[in-house]
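S.K.: Sequence:
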Amino acid sequence: MTLVEQEAGPGRHATSQNAAMVRGLAGEDWIRPLSIEGQQFWNRGTSSLPLPRAAFRKTGSLLLASEEETAKKLQAWVLHAQHLGSPAEMWSAERCRMVVPCLRGSPLIAGAYSPDDGIADPLMLTEAFLKAMVREGGSLRLETKVEAILVERGKVRGVSLADGSKLEASALVLAAGAWSPGFLRSLGLSDRGIGVFRRHIHCSLVGADLLEKAPGFLWHLDLQAYVRVEGDGLLFSACDAEPCPPGLPQEDSSLLDRVSERLSSCFPFLQDLPISRFWAGLRTYRPDHRFLLGEDPEIQGLFHATALGGHGVTCAAPVGRITAEAVQAWHQDQERRGQKAFF
Numbered sequence: 449m450t451l452v453e454q455e456a457g458p459g460r461h462a463t464s465q466n467a468a469m470v471r472g473l474a475g476e477d478w479i480r481p482l483s484i485e486g487q488q489f490w491n492r493g494t495s496s497l498p499l500p501r502a503a504f505r506k507t508g509s510l511l512l513a514s515e516e517e518t519a520k521k522l523q524a525w526v527l528h529a530q531h532l533g534s535p536a537e538m539w540s541a542e543r544c545r546m547v548v549p550c551l552r553g554s555p556l557i558a559g560a561y562s563p564d565d566g567i568a569d570p571l572m573l574t575e576a577f578l579k580a581m582v583r584e585g586g587s588l589r590l591e592t593k594v595e596a597i598l599v600e601r602g603k604v605r606g607v608s609l610a611d612g613s614k615l616e617a618s619a620l621v622l623a624a625g626a627w628s629p630g631f632l633r634s635l636g637l638s639d640r641g642i643g644v645f646r647r648h649i650h651c652s653l654v655g656a657d658l659l660e661k662a663p664g665f666l667w668h669l670d671l672q673a674y675v676r677v678e679g680d681g682l683l684f685s686a687c688d689a690e691p692c693p694p695g696l697p698q699e700d701s702s703l704l705d706r707v708s709e710r711l712s713s714c715f716p717f718l719q720d721l722p723i724s725r726f727w728a729g730l731r732t733y734r735p736d737h738r739f740l741l742g743e744d745p746e747i748q749g750l751f752h753a754t755a756l757g758g759h760g761v762t763c764a765a766p767v768g769r770i771t772a773e774a775v776q777a778w779h780q781d782q783e784r785r786g787q788k789a790f791f
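If you count by the numbering used here, then the sequence shown holds residues 449 to 791, one letter each, in order.
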């Protein structure tokens with residue numbers, strides 16, 4: 449197995465640009481088994497891949513609702529999560545404000561507390577994954593740009609690289625994030641509706657004391673904003689989403705007033721905090737927000753692990769498991785047919 453990365457180090461884009469929150473109570477019913485599995489992985493690791501101790505801080509989270517319909521959805525999410533083994537529970541507005549006093553000015557009628565959520569270090573997990581891959585005989589090629597996926601008679605045959613060389617393979621996992629739509633179009637395929645969007649994240653150097661005894665992050669579902677502790681300060685976002693090309697997204701300072709207005713209406717305790725810095729990161733998702741995951745129906749030997757829509761940190765382990773199982777099943781089928789697969 450060879451992992452090809454165009455940057456000088458892994459995880460330079462979406463992996464390192466996000467808020468790194470592990471959230472088991474994801475919104476769609478189809479994703480919740482994956483998000484709970486991912487949450488459990490971050491809490492326990494596995495026998496084959498024990499997590500470095502510093503890779504995850506179990507802090508809990510609190511999702512907030514200010515509309516009756518959203519509160520009903522939260523209740524259904526909690527019941528489903530409990531069925532999947534999560535200790536999540538519903539909280540009244542009074543309990544939310546009692547546990548997190550700074551929420552007294554926030555619009556809310558109910559909340560959902562998830563004690564197994566927390567803050568992750570995605571780069572540390574990436575390093576652990578890569579070390580495990582190398583131990584199993586795999587290799588990593590950095591600063592190696594793929595120019596094209598090679599396909600012959602509907603079957604993957606490898607990739608051509610920017611230096612003019614080729615890597616031969618009959619199975620390929622396309623986990624290129626924001627670059628995945630371009631590769632699909634280059635193969636004459638639909639881009640599966642994958643869109644690439646920019647989201648801003650803001651930081652203040654002060655304010656951590658406001659959430660001293662609160663769950664690790666607060667996320668308001670109706671107003672679409674979140675906040676969490678970052679060192680001695682706070683990290684927060686108004687969950688903006690603007691179409692953006694793949695690459696390093698440019699920050700848009702003109703959004704600050706709009707962001708400040710939304711955050712202040714959602715979390716009034718933020719309104720007097722100075723923003724010390726902000727950056728933009730990429731999120732890649734489809735209109736229905738479903739992952740593009742598993743074997744491609746049109747090209748034999750092509751597999752997808754992309755369009756994770758901001759759930760990549762939480763769902764890293766189950767996405768890897770599903771992808772590996774799909775490739776392994778394909779490989780075994782090739783062996784039964786007497787065909788050789790190159791990894």
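The hints are simulated quantities; they were obtained by calculation from the structure and are not laboratory data.
Please note that a few of the clues may not be correct.
[To be verified] Derived Cβ-Cβ restraints for the label pairs, each shown as a range:
no.	residue 1	residue 2	range
1	D781	E542	24 to 34 Å
2	E455	R552	22 to 32 Å
3	S708	E600	19 to 29 Å
4	V547	E575	33 to 43 Å
5	P498	L590	23 to 33 Å
[Unchecked claim] Derived DSSO-like pairs (lysine-lysine); straight-line CA-CA distance at most 27 Å:
no.	residue 1	residue 2
6	K661	K506
7	K593	K603
8	K614	K603
Cβ coordinates follow ideal geometry from the N, Cα and C atoms, glycine included.
S.K.: None of the hints should be skipped; say for each whether it holds.
M.R.: Here is what the structure says about each hint:
no.	hint	in the structure
1	D781 to E542: 24 to 34 Å	violated (57 Å)
2	E455 to R552: 22 to 32 Å	violated (45 Å)
3	S708 to E600: 19 to 29 Å	violated (54 Å)
4	V547 to E575: 33 to 43 Å	holds (35 Å)
5	P498 to L590: 23 to 33 Å	holds (25 Å)
6	K661 to K506	holds (14 Å)
7	K593 to K603	holds (21 Å)
8	K614 to K603	holds (16 Å)
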